[in-house]
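Novice: Sequence:
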Amino acid sequence: MRETDEMVLNESLRPRRPWGVLLGAALLSCGDVTPAGNLAARVELSPATLSLVVGRDTALRARVVLGFGTFQEPGGVFWSSADVSVATVDATGRVTAVQPGNTRIAASRDGKSAMTQLEVMAPPVSSVRVAPASSGITVGSTLTLRADPLFASGDPVPGRTIAWTTSTAAVASVTASGTVQAVAAGTATITATVDGVSGTAAITVSVVPVATVVTSPTTASLILSRTTQLTATTRAASGSTLTGRAVAWSTDAPTIAPVSATGLVTTLNTGTANISATSEGRRGTTRITVVPVPVRSVSILPPTVAILVGGIERLTAVPRDSAGTALPGRAVTWVSAQPTVASVDSTGLVTAIAPGTARITATSEGRSGVSTITVTQRPVATVTVAPATLNTAQGRALQLTATTLDAQGRVLTGRAVSWLSGSPSIAKVDANGLVSATAIGTVLIIATSEGQRGIATVVVR
Numbered sequence: 015m016r017e018t019d020e021m022v023l024n025e026s027l028r029p030r031r032p033w034g035v036l037l038g039a040a041l042l043s044c045g046d047v048t049p050a051g052n053l054a055a056r057v058e059l060s061p062a063t064l065s066l067v068v069g070r071d072t073a074l075r076a077r078v079v080l081g082f083g084t085f086q087e088p089g090g091v092f093w094s095s096a097d098v099s100v101a102t103v104d105a106t107g108r109v110t111a112v113q114p115g116n117t118r119i120a121a122s123r124d125g126k127s128a129m130t131q132l133e134v135m136a137p138p139v140s141s142v143r144v145a146p147a148s149s150g151i152t153v154g155s156t157l158t159l160r161a162d163p164l165f166a167s168g169d170p171v172p173g174r175t176i177a178w179t180t181s182t183a184a185v186a187s188v189t190a191s192g193t194v195q196a197v198a199a200g201t202a203t204i205t206a207t208v209d210g211v212s213g214t215a216a217i218t219v220s221v222v223p224v225a226t227v228v229t230s231p232t233t234a235s236l237i238l239s240r241t242t243q244l245t246a247t248t249r250a251a252s253g254s255t256l257t258g259r260a261v262a263w264s265t266d267a268p269t270i271a272p273v274s275a276t277g278l279v280t281t282l283n284t285g286t287a288n289i290s291a292t293s294e295g296r297r298g299t300t301r302i303t304v305v306p307v308p309v310r311s312v313s314i315l316p317p318t319v320a321i322l323v324g325g326i327e328r329l330t331a332v333p334r335d336s337a338g339t340a341l342p343g344r345a346v347t348w349v350s351a352q353p354t355v356a357s358v359d360s361t362g363l364v365t366a367i368a369p370g371t372a373r374i375t376a377t378s379e380g381r382s383g384v385s386t387i388t389v390t391q392r393p394v395a396t397v398t399v400a401p402a403t404l405n406t407a408q409g410r411a412l413q414l415t416a417t418t419l420d421a422q423g424r425v426l427t428g429r430a431v432s433w434l435s436g437s438p439s440i441a442k443v444d445a446n447g448l449v450s451a452t453a454i455g456t457v458l459i460i461a462t463s464e465g466q467r468g469i470a471t472v473v474v475r
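FYI, in this note's numbering the residues of the sequence shown are 15 to 475.
Hints in this document: simulated from the structure, not taken from any laboratory.
Incorrect hints may have been included.
[To be verified] Below, in silico cross-link-like pairs of lysine to aspartate or glutamate (DMTMM-like), each with a Cα-Cα straight-line distance of 25 Å or less:
1. 126 x 58
2. 126 x 104
3. 442 x 420
4. 126 x 97
[Stated by the list, open to error] Derived DEER-like restraints, expressed as beta-carbon distance ranges:
5. 328 x 434: 28 to 36 Å
6. 381 x 328: 18 to 26 Å
7. 115 x 203: 31 to 39 Å
8. 115 x 258: 50 to 58 Å
9. 283 x 370: 42 to 50 Å
10. 155 x 226: 18 to 26 Å
11. 352 x 230: 52 to 60 Å
12. 410 x 322: 39 to 47 Å
13. 226 x 267: 42 to 50 Å
Just so it is clear, CB atoms sit at the ideal spot from N, CA and C, and this is done for glycine as well.
Hey, can you work out the whole structure from these sequences and the hints?
Specialist: Right under this line is the structure:
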C-alpha cells in the first residue's frame, strides 16, 4: 500500500470522523468508480520504432504510468494495429508482420496511448535455385531456364525481379525471361540474380552432327577439257541445313576428273569418275561421265576439186567444235552422192569415173561437210593409126584402127575419131576407118580426135 493510500485509510479509522469512514466505505463498495490514483496518466511503449521481416513476430513492451506517478505493467492495455494487412498485434502486444509496408501499433488505456512505428520488410533472398542446373544443347537450339529465389528456410520468395546474364555470349546468350540461345560450341555459365543473390546453370553447347551430305549435281556428263563447280550441302538428321561445316573433296579417278579443295572438277580424259564430298564421316557422291568435245561442224579440204576421168584425189575431213577448233581422232564416214561420176572410199580417196559433178560428204557425230568434185574427160594427147603403112592392090578394101592416148600414153576409149583421105581419087576412107583402094598411087589416111591426128600411109598397086 502506497503512502498516500495509508494516509487516507488512517484518517478514515479515526473515531472522531465517522462520516469519512462511511464515505470511504461507500467508495470502496462501488465497482464503477476508478480511484483517481488508478487512472493512467500516460502510456509508454517501447521500442518507438521497429522493423520486422514478413512472417516474423515480436513482443512490444507497454508500461502504464498511474495518476500518482506509479507504474503498472501492462494490465488493462488495449493493443491495435493501424493496418492489419501490414501487421497484426494480439492482446499481449505480440506483433506479427504480414506483408511489406508501414503501420503503427498502439497501446491504449484510459484514453491515453502510445505508438510504435513499424516497418514490415520483405524477407531477404537467401539463395537462387536455377533449373536445370546443367544442360547440354546443340548450336541453334534454345532452352528455357527457371530461377526460384528462396528464403533461408528453402521456401520460395514470390514476386521478385530476376536478372539474367551469361558469361560467354559468343557461346550462349540469354533473354530477360531466361531463354538460352545456343550460338557456338563451348561452355557458358548462365546467372540469375535476385536482390544481389545469384544462382547459376552450366550450359554446354555442342554442334549438331552431320547426318547426310548432298552433292549437286548427283550425276553429270561433262565435255573433255572443261571445268565445272560441284556443291556439297551438309544436313542434320532432321533435314535442316548445317552451315559452316568443313567439307573434303576427293576423286576416285584423278587422271579422268581431278577435283580441287573447293569442289572444282577438271576433265582430263574421257571416262567416269566418282567425286566425293566428306564431312564428319558422312559422304555424298557425284558420278561424272567425261565425254569428248562434240563435233559441231565438219570441213573438207579441198572444198572443191576438178579432176580428170580416172584420176584420184585425197580429201581430208576436219571435225571441229563450236569454237572452230579441230577435233582430231574423230570417226568420219564418206559417201558420194553421184558414185557413177566419182566414188570415194572410207579414207576419203576419190576416184573420177565419168565426166560430171559429184558431191562427196564427210560425216562425223551427225555433222557433215561437203566437197564438190567436177570430173572431166582426159584430153587426147596423141592418135595412133594401125597399120601405119599399108600396101594394097587396086580394088581392095582395108581396115585401119585409130587409138587415142593421153599424155601419159594411156589409151582413151570412147573418144570420137574422124577419118580423112588425103587423095580420095586413090583411096577413100569411111567414118569407121575402112579404106577402099580405087586407083594406083600413094595416099595419106588421117584419123583426128580432139584436135590430135594420127596418119597411115596407103600404097595402092
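Novice: Evaluate the given range 42 to 50 Å for the C-beta pair formed by residue 226 and residue 267.
Specialist: With a Cβ separation near 24 Å, residue 226 and residue 267 fall outside 42 to 50 Å, so the hint is violated.
Novice: With 52 to 60 Å as the target window, see if residue 352 and residue 230 comply at their CB atoms.
Specialist: Between residue 352 and residue 230, where Cβ atoms are some 53 Å apart, the hint holds.
Novice: Mind checking the hinted window 18 to 26 Å against the Cβ distance between residue 381 and residue 328?
Specialist: For residue 381 and residue 328 the Cβ distance comes to about 21 Å; the hint holds.
Novice: Do residue 283 and residue 370 keep their Cβ atoms within the hinted range of 42 to 50 Å?
Specialist: Cβ of residue 283 to Cβ of residue 370: about 46 Å, so the range 42 to 50 Å holds.
Novice: Under the criterion that the straight-line Cα-Cα distance not exceed 25 Å, is the pair residue 442, residue 420 satisfied?
Specialist: violated, 28 Å
Novice: Holds or violated: residue 126 with residue 104, Cα cutoff 25 Å?
Specialist: With Cα atoms ~19 Å apart, residue 126 and residue 104 stay inside 25 Å; holds.
Novice: At the C-beta level, are residue 328 and residue 434 separated by a distance inside 28 to 36 Å?
Specialist: violated, 43 Å
Novice: Holds or violated: the 50 to 58 Å window for the beta-carbon distance between residue 115 and residue 258?
Specialist: holds, 56 Å
Novice: Are the Cα atoms of residue 126 and residue 97 separated by 25 Å or less?
Specialist: Holds, at roughly 20 Å.
Novice: For the pair residue 410 and residue 322, does the Cβ-Cβ distance stay inside 39 to 47 Å?
Specialist: holds, 41 Å
Novice: Range first: 31 to 39 Å. Now tell me if the beta carbons of residue 115 and residue 203 are that far apart.
Specialist: Holds - the Cβ-Cβ distance for residue 115 and residue 203, about 37 Å, lies within 31 to 39 Å.
Novice: Does residue 58 lie within 25 Å of residue 126 when you go C-alpha to C-alpha?
Specialist: holds, 9 Å
Violated hints, in rising order: 3, 5, 13; the structure is consistent with all others.
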